[in-house]
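Chains A and B are the protein sequences, given in the same order.
The numbering of the first sequence is this note's numbering, which starts it at 1 and goes up by one.
The numbering of the second sequence is this note's numbering, which starts it at 1001 and goes up by one.
Treat the hints loosely; a few may be bogus.
Computed Cβ-Cβ distance ranges for the label pairs, DEER-style [what the hints assert, rightly or not]: (1) D354/A x I1007/B: 44 to 54 angstroms; (2) E1031/B x D124/A: 35 to 45 angstroms; (3) R1099/B x S353/A: 50 to 60 angstroms; (4) N1074/B x E346/A: 21 to 31 angstroms; (5) E346/A x R1099/B: 27 to 37 angstroms.
A few chain B residues facing chain A, derived, Cβ under 10 angstroms [to be verified]: (6) I1007; (7) S1014; (8) G1015; (9) K1017; (10) G1018; (11) I1025; (12) Y1048; (13) D1058; (14) I1065; (15) M1085; (16) T1092; (17) A1096; (18) L1098; (19) R1099.
Treat the hints as calculated values from the structure; they're not laboratory data.
All values derive from a computational prediction rather than experimental measurement.
The C-beta atom is built at its ideal place from N, Cα and C for all residues, glycine as well.
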Amino acid sequence: MKDKIRIASGQGFWGDLQSIPLQQVTQGPIDYLMMDFLAEVTMSIMQKQKKRNPSAGYAKDLVHIMKDLLPHITEKNIKVITNGGGANPMGCVEDILKCAHKQGIKGLKIGVVTGDDILDSLDDLLKRGAGLDNMESGQKISDVKEKIISANVYFGARPIVEALKKGAQIVITGRTTDTSLTYAPMIHEFKWAWDDWDKLASGVIAGHIIECGGQASGGNFLGNWRAVPDLAHIGFPIAEAYPNGEIVITKHQNTGGVVSIETVSEQLLYEIGDPTSYITPECVADFTTIKLKQLEKDRVKVYGIRGKPATDLYKVSMAYNDGYTAIGSLTYSWPDALEKAQKADEILRTRLSDLGLKFDEIRTEFLGVNACHGPLASKQDEINEVVLRMGVRSKQYYDVEAFAKEIAPLILTGPPGVTGFAGGRPKPNEVIAYWPALIPKRLVKPKVEVVTT
Amino acid sequence: MKKIKLIDIAHGRSGDKGDAANIGIIAYDDEGYEIIKKYLTAERVKEYFEGICHGKVDRYEIPNIRALNFVLHNTLGGGGTVSLMHDAQGKTLASALLRMEIGI
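Pulled out of the complex, with its shape left as it was, chain A reads as follows (with noise of 0.2 angstroms):
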């Protein structure tokens, strides 16, 4: 057995910066790299792409990003584990076969995690007990059974773990936790139980700090900011692990950012509820047992995790079209720039009452004075400039469009010192609302599949 593994991250979201993968695998010794690539809503935006043409439907980014890994985690033995196969994990192992044919690498097994799709079974399942009732505001599911466009299961760590147990160097997913891609080679390597709650917990908690990239490291930092050096050169948290359990936060040296106390524990509470119960397919972990010590400069332990078992349930997100939505903006210059802004606000309301338009919600924020922090914004006396930002919501798609085109005429129906309408009339967009759900784990089941180069 190994004494420890480094699992590097390399993604933190869909569209994080290209180079680090790269920099992970050639400035530094790691063993694992992970990438994640799966917001709430993306699989939903993917399945529409699959929907359009059938050979799409995952992060196309991952495609170049791997042409360019292939010859170096050959070379060194690194293994990558990835959710970016979105609505189409085999779509995108075809592609990166290709990739692999076209730079001569043969003997290179890729595992391929599927099942988490449930669209098409919905029904079957709903009458063998699924529920899959909103798990946040109690809604019924037949209230929006018709409109559903992806139903996705979050797997967790077992099926990569199976993956990697058959061989495979790169193992691409479709919907799995962000934290399994992190723990499953602890599980994997350290031959951690499946019971064994403290240790699994240990694996999970690594995961959520390294699962977004540069925000464990330096990025976003709300401490003291100024003194990160080098943001232009950020370097990703890699988690090492040891087979009791302990990790250590760091990241490769010559790399930009921090690994301290400070910024690990920010991204420690990034999007949690009840720190006691984090819970995932494999555990239940406990934020309130996490120990943190600075061992030296950019390495930080992390230790004394407890876990509690796992319940027998997946979490299911679900994503159904409910209308339409449309931002536009307007800037609005000194003197009297807020009051020019609120006044132009006042003319548009009314044009869009006298048109009879029909809106759920039209939302104006002031950017520059109160869109961020609302009534809690201190009063300026006088500012320079303000942008108008009004947006509309509404179930008719003719609604919204109509009050796209509303917005560019008051540059010469309204109050002066006007500018900012560059990017022309804005589009009405689909409203992608989420539904979060629970299913028996009874009921659904993830299929691995290890193809071979």
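Starting from the structure of chain A, add chain B where the hints point.
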């Protein structure tokens, strides 16, 4: 009564969970943690975010990292792609809370 600016004794991070926002506040030292633990109650935070948070506020203590976690329900205009807010993910709400002044 002494006035303390929260931003001088703590930092934090915020994000979204659907239509709810979570705000994690971390004290720089033990003394700071005792202050935020005592004065940053769920009621105080709910009252502070009047006009922004339209639901209840849950508060959790994480003493091991000198932190409090607040979950502000019904805060992000529906969340995700439903929301018309510029900050639909609540990314700037930690800063909003840190501008609070506490009288001790």
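Structure-based check of each hint:
{"no.": "1", "hint": "D354/A x I1007/B: 44 to 54 angstroms", "in the structure": "holds (46 angstroms)"}
{"no.": "2", "hint": "E1031/B x D124/A: 35 to 45 angstroms", "in the structure": "violated (59 angstroms)"}
{"no.": "3", "hint": "R1099/B x S353/A: 50 to 60 angstroms", "in the structure": "violated (36 angstroms)"}
{"no.": "4", "hint": "N1074/B x E346/A: 21 to 31 angstroms", "in the structure": "holds (27 angstroms)"}
{"no.": "5", "hint": "E346/A x R1099/B: 27 to 37 angstroms", "in the structure": "holds (29 angstroms)"}
{"no.": "6", "hint": "I1007", "in the structure": "holds (9 angstroms)"}
{"no.": "7", "hint": "S1014", "in the structure": "holds (8 angstroms)"}
{"no.": "8", "hint": "G1015", "in the structure": "holds (4 angstroms)"}
{"no.": "9", "hint": "K1017", "in the structure": "holds (6 angstroms)"}
{"no.": "10", "hint": "G1018", "in the structure": "holds (6 angstroms)"}
{"no.": "11", "hint": "I1025", "in the structure": "holds (8 angstroms)"}
{"no.": "12", "hint": "Y1048", "in the structure": "holds (8 angstroms)"}
{"no.": "13", "hint": "D1058", "in the structure": "holds (8 angstroms)"}
{"no.": "14", "hint": "I1065", "in the structure": "holds (5 angstroms)"}
{"no.": "15", "hint": "M1085", "in the structure": "holds (7 angstroms)"}
{"no.": "16", "hint": "T1092", "in the structure": "holds (4 angstroms)"}
{"no.": "17", "hint": "A1096", "in the structure": "holds (4 angstroms)"}
{"no.": "18", "hint": "L1098", "in the structure": "holds (7 angstroms)"}
{"no.": "19", "hint": "R1099", "in the structure": "holds (7 angstroms)"}
In this structure, the earlier hints numbered 2 and 3 are contradicted, and the remaining ones agree with it.
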